[in-house]
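Mind docking chain S on chain Z? Use the hints.
Chain by chain, the residues run as shown.
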Amino acid sequence: MSDVILDGKVPSGPIEGRWDQHKFDMKLVAPHNRRRFKVIVIGTGLAGGAAAATLGELGYDVHCFTFHDSPRRAHSIAAQGGINAAKNYKGDGDSIFRLFYDTVKGGDFRAREGNVYRLAQLSVDIIDQCVAQGVPFAREYGGLLDNRSFGGAQVSRTFYARGQTGQQLLLGAYQALAQQIGNGTVTMYPRSEMLELVVKDGRACGIVARHLHTGEVKSYSAHAVVLATGGYGNVFYLSTNAKASNATAIWRAHRKGALFANPCFTQIHPTCIPASDDFQSKLTLMSESLRNDGRVWVPMNSDDTRSADQIPEAERDYFLERRYPAFGNLVPRDVASRAIKVEVDKGRGVGPLKNGAYLDFSESMARLGEDTIRERYDNLFQMYERITGEDPYRLPMRIYPAVHYVMGGLWVDYELQSTIPGCFVAGEANFSDHGANRLGASALMQGLSDGYFVLPYTVPNYLSGMLGEAAVPADDPVFTAAEAEVRERTNRFMATKGTRSVDHFHRELGKIMWDNCGMERSQQSLEKALSEIPALREEFEKDLRILGTEDSLNQSLEKAGRVADFFELAALMCRDALHREESCGGHFRVEHQTNEGEALRDDDNFAYAAAWEYAPPGSEPVLHKEPLSFEYVHLAQRSYK
Amino acid sequence: MSRTLHLTLNVWRQSQDDAQGRLVTYDVPDISEDMSFLEMLDIVNDRLLAEGEEPIAFEHDCREGICGSCGMMINGQAHGSQRGTATCQLHMRKFQDGDVITVEPWRAAAFPVVKDLVVNRSALDRIVEAGGYITVTAGAAPEANLTPIPKPVADAAFDAAACIGCGACVAACPNSAAQLFTSAKVMHLNLLPQGQAERYARVEAMVDTMEEFFGSCTNHGECQEACPKEISIDYIALMNRDYIKAKFKNRKLLSQS
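From first to last, the protein sequence lines stand for chains Z and S.
So the first sequence is numbered by this note's numbering: it starts at 1 and just counts up by one.
So the second sequence is numbered by this note's numbering: it starts at 1 and just counts up by one.
None of these hints come from the bench; they were simulated from the model.
These figures come from a predicted structure and were not determined experimentally.
DSSO-like, lysine-lysine: derived pairs with alpha carbons at most 30 Å apart:
| # | chain 1 | residue 1 | chain 2 | residue 2 |
| --- | --- | --- | --- | --- |
| 1 | Z | K511 | Z | K528 |
| 2 | Z | K90 | S | K151 |
| 3 | Z | K542 | Z | K511 |
| 4 | Z | K511 | Z | K256 |
| 5 | Z | K200 | Z | K27 |
| 6 | Z | K354 | S | K94 |
Computed list of chain S residues with no C-beta within reach of chain Z, every gap over 12 Å:
| # | residue |
| --- | --- |
| 7 | N10 |
| 8 | E104 |
| 9 | E204 |
| 10 | N240 |
| 11 | K247 |
| 12 | R251 |
C-beta: ideal position from N, C-alpha, C; glycine also.
Chain Z with its partners taken away, still in its complex shape:
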């Protein structure tokens, strides 16, 4: 394993002024030249939608792709709880520096300080932008914006729109994008899935996409490509991600040379509805905001079979409040998830399968009244009731951790450019801002910050060097070759004619990953996974069955391509987890923990982002390291006690 050193190109100087100075240092493209530049944006979630709309608004010739039927459906829409911003509207001691500090600490010191500071700075502009667009954030009776608290913070800085914050923010971005589509500055390609990134002379020059209704495989060329295609949590099969969320776009770019950073950093969200049986197709999140008013507990006695309301106070263990008195139920996600797992593993789990903990609102309802709780969370309570058939106004919710988000993604520099010039990566698809653990209500913040306020400066800086250059024509041999690769893969899946469905293999892969590279990892479990994944993959290649044709809507065929990429990604995740001989944030190696069972970092040896260079199956990927230095937030053991 070589140690190639990577440079994140973070500007120097006092951290408060870096972004402003850098914005001045970057080159501009004059308004009359902008329409000469073609920019492809893949994905229409918060990051992609906002980037496409803003670049269109600036006058670039934007071509935007989504595999959905409409740019309003990306998984950003499912975010419930809120978006952080350092507005300090509550006067409770918040500031840009505190949001920066909380995010670096919450990420367990594995994020780049310069990026996180910029994110905290831009957070205030995001709220202004969204309110002006008509996003209906929650308000107080005086008409001003309301805030609530989220995990990992002791201030109230989270803006929210009932339990539908992601939906409302995405509709804001979608509407801005729709305006540009209507104006003709953005050409929208719905139902089009990117299946190759095309690179010529070391620079990204376009993509190959398949139209999902007709099966048509076609090349699209551009001066720059932005990937905003979300996270890869679905590698675990069961996750809170939408069913179609996948890694294909970023994995295709990785295969073409973009380094993949920290793939093993997975966020397990503590409050999801526990699985009820084998047919389960996905897990449903219950917003972190519920931990503002809900208390997490299990019965003291693991044999207790009484219903929750019959168990007296003295026989309940409010273990988060007991273990972490300062933050209580609002400890960060990684800490809460592990604590719940510890209790369930002790046999103190609740519910028919003893696979959950209670999240109890009875004390809040007694104190604030049921109406207040209804006002704050009713849509979440209703969703819980529909799924479980139990009424959380009468009985506590049952919750258990589930895969929710990935901090890892394609490596990008300060300008969000990957190691392939001209290929930019935004939102969950990149690795940039959350280190080893993301704080609640920060994903929406990052997606919008990248899309509205970072890429619209950094993409033009790249384009300015190409003035007068035409885009590579879409019939160039590099495109023809990429199209041929896509067709070859498609034909291979169609020709396999085995006996098992794609879902069968996906589910099996998910089990391997959850059991061995999930909430806890060990050398033994990871080596086990690394031996099981290739065997399953081989079976997939021999025994896959896809019916129908490749030239019409074929949902099994779409899934097959995504699952094939998950196989390779899963192996890289295990390799990354195996090499990182420390515990940090969402990465918990059982060999590395404190006496109290908390994550034990090794800053001397692992204070770096691990960025992997692609190697075909069977060979070893090459590790590149970006050393992380902490000038403003001092490295310390995280404590939420």
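Chain S alone, transformed into the frame defined by chain Z:
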């Protein structure tokens, strides 16, 4: 212990947009009541594949009732009979052992069938593109707390903004009208102070675009019953008021220019 259901499914199968479709009957034993409706279809699809029959195509993504991808007519009702519930959130405990369930795609001229239960709803995007936004350049926005918005106004705008764009309102309407969708999009913005500058241009452009694709509203109210977000038809009345005013105001402005 949870119940197990034995069902009979009549499902619309259509290979592509211009092909003749038909209802096909499937015998579906061993369905747990804890499954969602879509998980039941997943099971049916697994069984079909094993028997060499192509799985039923249906649209879905978040399976949390918020992305608006899913939607089908279940026994003639858009999203089935449970009020305020999208198809993905409908669970099998709402059905009885022995039930016969007919599953069809949305039926509307503006929503052509793509395959089986999948339809093309892009006409809804055309309505939004015509004016369903507030023009604000990224970075040009004023401080967010500059304009207080009374909570009841913010709440009314929110109730409209909750629309998930699934198209159930159109599918439920005997005229295939899109008034509920359009009014939700229009009134979300027209109720807010930020939306006032473009208020009348917005409503006129969106309603006129809607009429290019969809049928006319004759106040049946089926849309409100079918809406998984329970959006009220009061918004249609508010939209109509704004539209009439717009036809007057927009003309007056033209004559002044």
